[in-house]
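Heads up: the sequence lines are chains A and B, in that order. Under our numbering, the first residue of the first sequence carries the number 1, and numbering increases by one thereafter. Under our numbering, the first residue of the second sequence carries the number 1001, and numbering increases by one thereafter.
Derived by calculation from the structure, the hints in this document are not laboratory data. For each residue, glycine too, the CB sits at the ideal point set by N, CA and C. Some clues are possibly wrong.
Incomplete in silico selection of chain A near chain B, CB under 10 Å [stated by the list, open to error]: (1) 84; (2) 98; (3) 122; (4) 164; (5) 184; (6) 186; (7) 192; (8) 203; (9) 216; (10) 224; (11) 234; (12) 261.
Label-pair ranges, simulated between beta-carbon atoms [to be verified]: (13) 1139(B) to 262(A): 41 to 47 Å; (14) 1261(B) to 42(A): 29 to 35 Å; (15) 1230(B) to 161(A): 17 to 23 Å.
Number of protein chains: 2
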Amino acid sequence: MSKKPTISIIGAGNVAWHLAPALENIGYVVNEVYSRDIKKAKALVKNLYDAEAVNDLDFRESNALIFIVAVSDKAIKKVANGIDLPTGAILVHTSGSQPMEVLAYAGTSNIGVFYPLQTFSKHSKMDFSDIPICIEAEKKAVRKLLKSMATQLSKKVYKTNSESRKALHVAAVFACNFTNHLFSISEEIMKKNKMDFEILKPLIVETVNKMLDSGAQKSQTGPAVRGDFETMDDHLTFLNDHKKQAEIYQLLSQHIVDTYLEKDD
Amino acid sequence: MSKKPTISIIGAGNVAWHLAPALENIGYVVNEVYSRDIKKAKALVKNLYDAEAVNDLDFRESNALIFIVAVSDKAIKKVANGIDLPTGAILVHTSGSQPMEVLAYAGTSNIGVFYPLQTFSKHSKMDFSDIPICIEAEKKAVRKLLKSMATQLSKKVYKTNSESRKALHVAAVFACNFTNHLFSISEEIMKKNKMDFEILKPLIVETVNKMLDSGAQKSQTGPAVRGDFETMDDHLTFLNDHKKQAEIYQLLSQHIVDTYLEKDD
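Chain A on its own, in the form it takes in the complex:
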């Protein structure tokens, strides 16, 4: 087996925090960790074997081959514009929403995407072997390197392109960001009515488990899918003083009715 390529990590946020040690665990060497804030870079290199903390994007003298940009979506373009890479280096980002081409600002065509589909927070442990990783690259040699890195980290590796990755991101917004916001509204309704959100947790857990087992379409319950307009009207009256919540209730209920009940006609 050939020697594993050396890595540099650009960024010291949540993704970098988990990805850098995980790569070292499977035998990759992290050469540098960059952060605008050198303290953050230093905090991360403490968890690594022999990496250097830097706050300068001039990597012309670096020995790293793969540069992984794990910064916020907004900052990727700025990094690509500002970075100086050694000859032949590969530049990838870890974002679900940014096109790969944004990296071309770095003046190289050795670009790719290495997108671990998970929500990271610094304090929770992550087992990368279960995290789906989406990889993308135009050049075959780059894709091969990324695929090798991904399959060593995770059992679930998917080839995407910017279009399918966008679909994936939109689907994730619905399944995660929006569902979380609905939990938030639910939390608020409970609080306003002086009830503990804890009461709802067993039902939430069972609902999600059912969905994971049987699929969401088969698991749909509630007044809307039953066509119980009396209850829906009653709930809308209850939400009368909360215009926005009522609007969301109305739109989602109508969409459930349209999805399930029209089929029976």
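Please build the complex by placing chain B on the supplied structure of chain A, with the hints as guidance.
Frame of chain A, contents of chain B only:
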């Protein structure tokens, strides 16, 4: 300890299917199981010690004290109208959305609610000790009997009234029915783009776990809470041919923006 009151179960659907044997497990005796469809009643009594399957609502000769109406929301009123109870019997329903008073059609004021807050399906096992049970009754004696029954079944018993139970139900619609529908939309987006919904499952599990641990407000992520309007516009363009999905995307994103970003101004 006094002898436990005898029970009759009206209905042989999912709730009845789980509740009747669970009550027998803690020492209650189920006397009759009613279903319009006698076959369904017979199927359920097979799982009970010595209950009789009936399809007639004339219970004037029954020895049961507590009659638990576990039928669909729509059918509760009909049952209350049609049932003939023995003198002094107590009539309760198991619904989250129906007012207790609908039972008064039975001509008694010994009425109450015994609402297990869980989604039941016939084939999955249920541990009642973790299921929150909401109880409600006007008469103290009735409430006492229901409370005793509930606390023997479950560690989590809550006194509600028709108003708080309604709030609970609305909150559950947001947290369960609507979230499931968003999973469904997500499933559809993945399917249309020839990707496996499986890819999203680890992210969904982690998102829900985070919410259960830290609360939904603190766990909100995504383009909307970041104020990333470029990505949101991009997603709306992507959903261009799916007017309803785009409408839901727009409304929920706007509500997230309003909830989180205005605070910073």
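Hint check:
Because the closest C-beta pair between residue 84(A) and chain B is about 26 Å apart, greater than 10 Å, the hint is violated. Interface hint at residue 98(A): satisfied, since its Cβ lies 9 Å from the closest Cβ of chain B, which is below the 10 Å cut-off. A hinted interface residue such as residue 122(A) counts as satisfied when its beta carbon comes closer than 10 Å to some beta carbon of chain B; here the least separation is about 13 Å, so the hint is violated. Residue-level restraint check for residue 164(A) holds (minimum Cβ-Cβ distance to chain B is 6 Å; threshold 10 Å).
For the restraint placing residue 184(A) at the interface with chain B, the shortest Cβ-Cβ distance is roughly 4 Å, inside the 10 Å limit, so the hint holds. With a least beta-carbon distance of about 4 Å to chain B, the hint placing residue 186(A) at the interface is held under the 10 Å criterion. For residue 192(A), the interface hint holds, since its Cβ comes within 10 Å of a Cβ in chain B; the closest pair sits about 8 Å apart. The criterion of a C-beta within 10 Å of any C-beta in chain B is met by residue 203(A), whose closest approach is roughly 5 Å, and the hint holds.
Proximity of residue 216(A) to chain B holds as hinted, the smallest CB-CB distance being about 4 Å (cut-off 10 Å). Taken as an interface hint, residue 224(A) checks out: its beta carbon lies about 7 Å from the nearest beta carbon of chain B, inside 10 Å. A hinted interface residue such as residue 234(A) counts as satisfied when its beta carbon comes closer than 10 Å to some beta carbon of chain B; here the least separation is about 7 Å, so the hint holds. This hint is violated: residue 261(A) has a C-beta 13 Å from the nearest C-beta of chain B, more than the 10 Å allowed.
Restraint check, residue 1139(B) to residue 262(A): a C-beta distance of roughly 45 Å satisfies the suggested window 41 to 47 Å. Separation of residue 1261(B) from residue 42(A) is about 32 Å and conforms to the stated range, judged on CB atoms against 29 to 35 Å. Range check, residue 1230(B) to residue 161(A): Cβ separation about 20 Å, and the 17 to 23 Å hint holds.
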